[in-house]
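Student: Each chain, letter by letter, is given below.
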Amino acid sequence: METPLIEFRNVTKRFNDRTVLDNINLSIYENQVTTIIGKSGTGKSVLLKHIIGLLKPDEGSILFQGKPVAGMKKSEWEGHRRGIAYLFQNNALFDSMTVFDNVAFPLRQTTRLGKEEIEKRVMKRIEDLELEEAVGKFPSELSGGMQKRVALARALVTDPEIVLFDEPTTGQDPIRKNMILSMIMHYRKKYGFTAIMISHDIPDVFFISDRVIILWEGSVGFEGPYEEALRLKVPMIEEFLRSLDGFEDQLTGLLSREAFKMHYSAMLGSSSMEKTSAALFSVRLNILYEALGAQASVEVLKALGAYTNNYFNNIGGFSARHSRDEILTIFPRKDLEEAQKLVQDFADELTNGVIDHIRDMVSARSKAGTCFDIYIRAGVMEVSPDDSIEEIIEKGRLHQEIISKYRCDFGGNE
Amino acid sequence: MSDQAGVIKPIGENVVLMKDQGGPEGTGAPPSVKPGGIVGFFAAIGVFSVRAISNFGALAIFFFLSFINIFRSKQIHEITSQTYYIGAKSTLIVMLVALFTGMVLGLQLFYTLVKFGSVGALGSAISLSLIRELGPVLTAIMIAARAGSAMAAEIGILRNSEQIDALYAMGVDPIRYLISPRIAASIISFPLLTAFFDLIGILGGYITSVLLLGTNAGTYFYRVQSAIDFVDIRGGFIKALVFGAIVSCICCFQGYYCHMRKDGFGAKSVGLATVSAVVISCVLILVSDYVVTSFLM
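Sequences listed follow chains D and F, in order. Residues in the first sequence are numbered consecutively from 1, following my numbering. Residues in the second sequence are numbered consecutively from 1001, following my numbering.
Since the hints were made in silico from the structure, they are not lab data. Being a predicted model, the structure only gives us computed values, none of them experimental. Misleading hints may appear alongside valid ones.
With a Cα cut of at most 25 Å, we get these calculated DSS-like pairs of lysine-lysine [claimed, not checked]:
#1 D:Lys261 to D:Lys124
#2 F:Lys1089 to F:Lys1074
#3 F:Lys1074 to D:Lys120
#4 D:Lys405 to D:Lys302
#5 D:Lys74 to F:Lys1074
#6 D:Lys189 to D:Lys120
#7 D:Lys302 to D:Lys261
#8 F:Lys1074 to D:Lys115
#9 D:Lys275 to D:Lys261
Here chain F stands alone, though its shape is the one from the complex:
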């Protein structure tokens, strides 16, 4: 192994981020070139592409290292406490959003279906919408906003105050101690919260369509039961698992490397990392939702 890629590098630092054309901390990447005109345009595309690929690779290594460290010793306590924070403490807000989502779905679908004389299909429409799409997606977005932002900010502050360096200096792998439990907790919490969302959403639909608009309760629940297949539930859970891994990985990654941002330092970098974490998570939730759905169909 050469000095350049020496083993003295901490595990977490094996991930190389591209800050700009110069690369971080003298990684030996080519210096920035700023030609004008058409050459400049293509140079900019090239730089952007190299940076994007590099960051994607870094994210993949980051996730891999975090994932394998979940199974190391002394992780149970941290995973439990993170599951409590990410999962249990998000339950109320997820249930509240689920209730109103179900209620508004009931309302919208009732007035649409009534035009076609298909009010009886209300239960099917609500439950399938929730279990297949809205449940996993909205749950993931809610947790990204609540817990994901906190992950990015907390880890960013740890980074800026050298607490992550202190962990490494004490012989504690920061990825094992900080990141792996959060990813494990997210993978556990997202499907569970999605299940809650689906359940409360269906109850919300019941409140609107049966209690407020007077459709038949028996028909509603019969349609719910007959429309839902195991495949739908499994698909929803697969999405929840994927979203859990994406959200936690993106949020931790943004916080962990906030010190390498070019657009801000110190507290500002933590703020920007938090914003990026939530925005990228939400976008990737929707993108991956399409990808996963297309595989499941």
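Here chain D stands alone, though its shape is the one from the complex:
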């Protein structure tokens, strides 16, 4: 059995008479994204602060790679701690320093790097997070979203092994939220850090999470993959997740997964299930991220969602995102042939107009002369009343083929 990177054993934390963490047991594994969710005041930030040592448990112990932190020598613990970065909920930027100095601060204080190397690393992070225009400004001169990105740049500048994100997307618009989450995922793949994140941005945060920990009234209500949390159907947790999810995917304007599930259940209960089809659309977000950066790739996804929504809503279809870059659309009262025709017409419209618009939008946001390809895939299939949403998605993946593309080396659409 894999040894957890960090383990809480019977950890209790009280503030005066109030017990915030009550006999908590949980494990965090290396090279995974673990998301902690829970109602306000359930001790999520307190839990993160225990990991980095800003707070100490009143009872119980915290283990780091199987070894109790309390039993470690100071130098050993300091060695571990140096590999941890923390993105604070309110950013905690140094307000008397410029953006550049804020990002450079941990390098200047904790490394022996030269001035030029520090400048190079800082500017790389600043460019990654599209903060070039803010480099000489003070935090108070920036919007909340920009401040969050500066804090993110500062947290990542030392290439940490573990990053603690305390609500990294709070106060951001839907595009920026997805952009930040994309970046977290991208950096995790690139640098291989372990991410522990507090976030309520459902569904986006779950698309990048390997494990979810639900804190419930000071205890761990659930620990494991998100899909399992949904399958378990614990009423309190289900209600909480539904309340977070809402009815609409903020990025694309499509239905939320919960709303989609409700629509689908209602449809199954009606007679219209006699002939129903579905299509699974996807765009390779990871490849787009590499080519275009975080913002432009998220813009492509947003545009595809918006067009899918507008196009198929008119004919009674309903759609939702089921992973970061997959959109499932259900066509009630349409057989396979009709659905294929609909998708073909949609593909024609994408190729003839929409994808040009996406290309122009992306070009404006990416570096001049950047060459990129956009492939939009779709898998069309018939749906039977016994099919669960997960089964439909699986079928869709098997049937997927490219329906529209833009390739810059051919000078345009094909």
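Here the structure of chain D is known, so what remains is to put chain F in place on it, guided by the hints.
Tutor: Just chain F now, with coordinates in the frame of chain D:
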């Protein structure tokens, strides 16, 4: 080492403050007991005493940690900039206060000494008063009011906006980065500013007694020179050093732990910390002045 006192605690947090009978953040201190009558009276005294001793111990550890961190690497830049802020930027106000203190001393002493026909001793009286007592004390009070209040407020704001936690999270010891340079800068600045105060104060006395009241300039400076001993100057500097350490330590301590105050939170706690910093500093300057003087005499 047990979990309770685990090494995961940041250096700055090793200092345990007593907020109330319950202690901070579940330190395991006894719960509050509120009996009435005579028992309540003694209980209150006991609680007050325990809290006072605990806070004094915390202050001592805080000062010790701050002091030893002065000699760590990468401190020169911070110490220099703090010396500029605490020392150089306080020079004008200290000189102004010194000038008028010297002038009013000249005026008061002239009309007192003239009754005894001892106007000739004016230079001695002014210079000894300034070098032994007024110089170090008034300089310390002025810097406490100007720079000490700023230290408490600045550190308090850093604490409330989690910037101190951010320092710790980045692997930077907040005491080393924030507190030690301020204490070092104060220890450097206080004696230097005291020297300025003494000098300008003696000139102020000269302006009143010689230029305005017409006493003999040669007598004034002769008396100044003959009255002052090296022991007086050394005593003044020792006091300045002690006051520098006390003022900077108290002000930083109040700001650093403003989040643990029971009488206010957020911005209010910063305000209260600032007030406490200045008031406690001024009181301790006078108390320690007596103690140091009694040792020097």
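Student: Given the hint that Lys405 (chain D) pairs with Lys302 (chain D), test it: the Cα-Cα distance must not exceed 25 Å.
Tutor: holds, 17 Å
Student: With the threshold set at 25 Å, check whether the alpha-carbon distance from Lys261 (chain D) to Lys124 (chain D) stays at or below it.
Tutor: The hint is violated at about 42 Å.
Student: Mind checking the alpha carbons of Lys275 (chain D) and Lys261 (chain D) for me, to see if they're no more than 25 Å apart?
Tutor: Satisfied, since the Cα-Cα distance of roughly 18 Å is no more than 25 Å.
Student: Compare the distance between the alpha carbons of Lys189 (chain D) and Lys120 (chain D) with 25 Å, and conclude whether the hinted pair is satisfied.
Tutor: holds, 22 Å
Student: Is Lys1089 (chain F) within 25 Å of Lys1074 (chain F), Cα to Cα?
Tutor: With Cα atoms ~23 Å apart, Lys1089 (chain F) and Lys1074 (chain F) stay inside 25 Å; holds.
Student: Is Lys1074 (chain F) within 25 Å of Lys115 (chain D), Cα to Cα?
Tutor: holds, 14 Å
Student: Hint check: Lys302 (chain D) vs Lys261 (chain D), CA-CA at most 25 Å. Holds or violated?
Tutor: holds, 21 Å
Student: Sort out whether Lys120 (chain D) lies within 25 Å of Lys1074 (chain F), counting only the CA atoms.
Tutor: holds, 21 Å
Student: Given the hinted pair Lys74 (chain D) and Lys1074 (chain F), is their Cα-Cα distance within 25 Å?
Tutor: holds, 21 Å
This entry does not satisfy hint 1, going by the numbered hints stated previously; all others are met.
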